[in-house]
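> Add chain B to chain A, keeping to what the hints say.
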Amino acid sequence: MQNADLDEISRRPLRAMHADGIPEFIMGLTWLFWGLMLGIPQIVPKGAWWKPYWLVVPWLLALSGFAAQWAMKRLKERWSYRRTGYVEFSKTGARSPWAAFLIAGISGIVIASFLSSSRSWLDLLPLGCAILVAGALAYGLGRQGVRRAGLYAAVTIALGICVVALSIGIELGFAIVWGGLGASMSVGGGMQMAKFVRTHQEIHG
Amino acid sequence: MADLDRVIHEPARLLLVALLRKIERADFVFLMNESGLTRGNLSSHLSKLEEAGYVEIEKTYRGKVPLTLIGLTKAGRAAFDNYRKQMNGLLTRAG
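Residue numbers (my numbering), protein chains in the order written: chain A, 1 to 205; chain B, 1 to 95.
For reference, chain A alone in the conformation it holds in the complex (with noise of 0.2 Å):
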């Protein structure tokens, strides 16, 4: 066996997790949730609320995460771990969750004050994060081979270019970005998720 082969079998672990589609329907609704918090207050008239909102949307969003985490490990032990097997994967440092309080914390108060200054340049975030975004997923779920991870990118990077090209503004346009790419991407695991679910009978070991 070469060294390639050696360092394909020791990614197919990685590449097993995504099998159940269970991941991508599971970042699909968070995104779509963070679509959905940063999508509301452009429908609601701004008031006092306002400037509070935005200090606890970022530990909202960080919360989600976690959220996430359990809930994907709940659908994994119902659907997945009978029919494909169990992987645990090295666990993240107990200081992880401290940063992300940390991050959204900062991030807060950051939009917070961003939200009352100038910000023509700042309607260009969305696009840029879009791009960020499209080659995070291009590469991190292309080499875990998650085939859609090409069309989720072009999907991120096209939402981000109408959301500049209509400007349409930060907030609308993260909301809009977030959320095209929460619901495209709990759709394709949606459907990943029913066809595992047919193909993998349950096998006990």
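Read the hints as simulated data drawn from the structure, not as lab findings. Ideal placement from N, C-alpha and C gives every residue a C-beta, glycine not left out. Take the hints with a grain of salt, since some may be wrong.
One-sided and incomplete, this derived list gives chain A residues near chain B with beta-carbon spacing under 7 Å [as the list claims (entries may be wrong)]:
# : residue
1 : 9
2 : 10
3 : 88
4 : 203
Just chain B now, with coordinates in the frame of chain A:
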């Protein structure tokens, strides 16, 4: 060639060790699915790896269902990395 670790050099066991290299642990079902080995064959290869101290096997339950978890030990990881280096050296010298 004489220095090669015979426990890992066997293709089925090399496949198992490579599957376990980048993860903490996997269960019996996962290894069976990915390796294409039968239950009996897989058990036998895992026993040999366990005897060599390369894997740790934990038998437990998930609810009422038996669950066998397998993970590489430090010695197993080191043996695999060392094997790769040796093979790399051999292939470079050969070609």
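> Does each hint hold? Answer for all of them.
To see whether the hints hold, each was checked on the structure:
{"no.": "1", "hint": "9", "in the structure": "holds, 4 Å"}
{"no.": "2", "hint": "10", "in the structure": "holds, 5 Å"}
{"no.": "3", "hint": "88", "in the structure": "holds, 4 Å"}
{"no.": "4", "hint": "203", "in the structure": "holds, 5 Å"}
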